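Start from chain L and add chain Z according to the hints.
2 protein chains.
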Amino acid sequence: MPNEPVTVSRRDLLSLIGTLSGSAAMYQAMTSLGFAADSGYKGPIKLDGDPKGASVLILGAGLAGMTAALELRKAGYRVQILEFNSRAGGRNWTLRGGDSFTELGGVTQTCEFEQGLYLNPGPWRIPRHHRAVLDYCRRLGVALEPFTQLNHNAFLHATGAFGGAPQRIREIKADFQGQVSELLAKVTQQGRLDELVTKEDRETLMQALRSWGALDRNYAYKANLNSAEARGYVKDPGGGLTAVPIPSEPIALSDILKSRLWRHLQNFARYNFQTTMFQPVGGMDMIGKAFVREVGEVIRYDAKVTRIQQDEHGVTVTYTDLKAPGMPQQARADWCICTIPLPILGQLPVNVGGRMKAAIDAVPYSSSVKIGLQFKRRFWEEDEAIYGGISYTDLPIQQIAYPNSGYNSGGKGVLLGAYIFGPNAFEFTSLPPAERIARAVEFGAAIHPQYRAKYENGVSVAWHRMPFTMGCAGDWSEAARAEHYANLCQIDGRIVLAGEHASYIPAWQEGAILSSLDAIARLHERVVKA
Amino acid sequence: MPNEPVTVSRRDLLSLIGTLSGSAAMYQAMTSLGFAADSGYKGPIKLDGDPKGASVLILGAGLAGMTAALELRKAGYRVQILEFNSRAGGRNWTLRGGDSFTELGGVTQTCEFEQGLYLNPGPWRIPRHHRAVLDYCRRLGVALEPFTQLNHNAFLHATGAFGGAPQRIREIKADFQGQVSELLAKVTQQGRLDELVTKEDRETLMQALRSWGALDRNYAYKANLNSAEARGYVKDPGGGLTAVPIPSEPIALSDILKSRLWRHLQNFARYNFQTTMFQPVGGMDMIGKAFVREVGEVIRYDAKVTRIQQDEHGVTVTYTDLKAPGMPQQARADWCICTIPLPILGQLPVNVGGRMKAAIDAVPYSSSVKIGLQFKRRFWEEDEAIYGGISYTDLPIQQIAYPNSGYNSGGKGVLLGAYIFGPNAFEFTSLPPAERIARAVEFGAAIHPQYRAKYENGVSVAWHRMPFTMGCAGDWSEAARAEHYANLCQIDGRIVLAGEHASYIPAWQEGAILSSLDAIARLHERVVKA
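Chains L and Z, in that order, are what the protein sequence lines are. To convert, take the position in the first sequence, counting from 1, and add 5; that gives the numbering used here. To convert, take the position in the second sequence, counting from 1, and add 5; that gives the numbering used here.
Bear in mind the hints are in silico, worked out from the structure with no lab data behind them. Quick caveat, the model's predicted, so the values are computed rather than measured. It cannot be assumed that every hint is accurate.
Intra- or inter-copy, both count: the list cannot distinguish identical chains.
With a straight-line Cα cutoff of 20 Å, these simulated SDA-like cross-link-like pairs (lysine to any residue) come out [as the list claims (entries may be wrong)]:
1) 51 with 387
2) 227 with 202
3) 79 with 140
4) 381 with 119
5) 204 with 264
6) 417 with 140
7) 204 with 259
8) 191 with 206
9) 227 with 276
So here's chain L without its partners, still in its complex pose:
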């Protein structure tokens, strides 16, 4: 019955497409058929098969290390973690009032934030497509709330533009989009798009540009209620006899172009920053703490690894107990999962092969500084109607981020007063913490003059001076990826590396967890087949 309609399930259809056309086509088809196939994470890992009593020593109780411990123990392995710090989590870290930490160089800071306020000096946001992080949050009971990346009412600021006055993001965004639409509509009307777009499409394009660009019926972007509905009003529509709105005057495209504020618009469009993003309620370390509830008893804290030595039968790790230095300690297991950040690992004696060794040395860590500032009142909300989100500036502080919780509640608040990368980060790292904070207050006052009167205290984390990472995250070049990435991730004898540096998503927790899951899957396969 060759002409009868055939009912095929979506799954069968996918499998057919996969067979006929290879995996990329299949993935594409899966996406169009509505499956959320974009993540490499396919749900809780299944490590079937008998580990035969094998033991695994895990170096580092960050998210990569604790993920490995949790899953391997569940699969029947004996596991132990050695952790440098007196706490778990690694860069999954939240600073609250009373917390203290010491930088390389010896300066100790004690955070003085009021109760309930905090700073996430490391990761602070979770994209919705970071399926592994989200799944562990669900499994471990970590409550999430939205993280606002794009707040239309936050600022874009360039020292040399608009007399130094910060501009609302909505204004730059709407005015750029509106005037780009106006230009394209003009050339379309002039017949200059005739070779590029069909006649039928040109008519629809004009409609689309008018809608999308908030153009008027003459395809112009100018001060009227249309553009006000995109960029905002001078006076909003109101109620009663004082209700008539006043539209605002767009910024000329030429001024936007010269200001270079358009550079920041892509920060709101990028895949990793698209809505909906999350943060754990109460601080990012709620994730680390949830892992500790599961695997806390296998973590040995204050253990500074000094040597990693493998032989045919296992791995011996030498470490110093930082609370009782003296005789070096040793731990031994059949296998070792090492999540130690590369700038530190590269300095340790580790007898891995030349390829992995070269890979370890090939990846510099980016420099980054975060500064948290406590203020007497939430002036950004009360005076400027900025609730969450980020302002961008060309000042060395680069970003000011507003808290994504406790909205509209009055009282004190903590801003991320600087989030610095690149040369500015090296410069700030070289300063004593108090000086970093003073500069953040001084620079920030150019955007929020309330800083000077309302500032109370601050804390600063310069990642290159953190003794447990000596940097922010793995900074892979394309060339290094091509030459070294596979060598970094391959199991070398009885040692395998994991962490954000062993991923294509450096600096993100998802990279740490996915690299760990990939590493333990391969390790387990080797153990089961042995």
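Same frame as chain L, but now just chain Z:
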């Protein structure tokens, strides 16, 4: 010393600009100087002066009525509210399991949602620039959480496009923006923009289009890691040895134009829908309930107004006690603030002047239907990674909105399964509630096939059938505004109207509150000066 620099405070400068150039210029200047001047709300209203024991009868315990009661009582007035329903809030309303209500026509629905789940059948989101609503939330202790309007991972759906398959918003958004940028870059390179943009600006424009449109170095928008960083991947970057990302294939501009899905993009750009938006934690009626904590004792519930009669000395309102119908009751006060929706007010005998009477009759109310659907599991999160936000479709249901709380927590969930305006709303209103719900499930299954297996129960509110409003909100035409708006808002003898219909922000709670504040300010002025 005429050449010495003068230090002027921002406030003095503003006042100078105001004096010299009138209020529009001053508003504009205020905005550029960083004041959040855009709202008509300037903080808690101050009603100075002695009301001399005057009494005010308020009709309707919605937000307009309760705002008036709260502020007038604080200023020394004697106030009473008559409310038709057995609850306060009016359209500020949340449906939870166990709640029941009866439509015009007599059908009663009882909501069967599981505990903790709810639907806001009326207002459901609060823009950050609705300063009056936010200020009352702060003053009355209503906790807020973000409302997600734009979720890049939600769907746009057109029955006749892409074989009926829903498309991710991020794909349509990025592909439209990318290809518009590509077109404009092309004509710029061809010299076709030379008369419109200066040479210097053209170079910067090319850079901006490349950044903003996710173009490659040849200013092309096509499948590569650039465009993937805007529209998403077929396979996301991952960790370990399975980490390499696979970019996705953009949708051709011509297909986007023909699909007309671009129409929906403006829903995410409009001023009222820009980030950051809010919802009260636990349901929109938390605002109404907070007002009731303040003014509950002056509300007489179940009071159906049948006549409003003013004379030189006061206003007499006749009403029926719906719990004990029989003899009509009367209430009298020196003044009356009437917030009764116009479709109902227009049917009552009210002795106001011809102008106000004509205004009352000039404003039809829009039709709208909301349908809440409870499902066995949150498949939109678990299967499709959609956390909050809204999918748009050309099906009669028009929108599907996902809950903005309880993210990633598993368990059951309630979707807004339809949010309907226009002709579809009239059509749905004419159906019995069970039939409306059945259709919402049927239509929704075209976007989420999981609907059929996971649907549990539903509830439907057709605003034209709600006896306390007989419509969704005031639907002002430009012509009606010009002729009738001022007449509607003017005090007529001893009666003044308030509510979202007496504002330029119909259907928004801010309109109700601002109209009320404007009305009581004028009323108070009259009382004090009398």
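Hint check:
In this assembly of identical chains, residue 51 and residue 387 lie within 20 Å of each other by CA distance solely across copies; the values are 19 Å between and 50 Å within a copy. In the homo-oligomer, the alpha carbons of residue 227 and residue 202 lie at most 20 Å apart only across protomers (17 Å), although the nearest pairing inside one protomer, at 26 Å, exceeds that limit. In this assembly of identical chains, the alpha carbons of residue 79 and residue 140 lie at most 20 Å apart only when taken from the same copy (16 Å versus 51 Å across copies). Within a single copy, residue 381 and residue 119 get their C-alpha atoms as close as 10 Å, which meets the 20 Å cut-off; across copies the closest is 42 Å, which misses it.
Taking the shortest Cα distances, residue 204 and residue 264 sit within 20 Å of each other only across copies (16 Å), while inside one copy they are farther apart (36 Å). Taking the shortest alpha-carbon separations for residue 417 and residue 140, only the inter-copy value of 17 Å comes in at or below 20 Å, while the best intra-copy value is 33 Å. In this homomeric assembly, residue 204 and residue 259 come within 20 Å of each other (Cα to Cα) only across copies, at 11 Å, whereas the closest approach inside a single copy is 30 Å. In this homomeric assembly, residue 191 and residue 206 come within 20 Å of each other (Cα to Cα) both inside a single copy, at 15 Å, and across copies, at 17 Å.
Taking the closest pair of Cα atoms, residue 227 and residue 276 come within 20 Å of each other only across two copies (16 Å); inside a single copy the shortest separation is 31 Å, beyond that limit.
Comparing the model with each numbered hint stated earlier shows that all of them hold.
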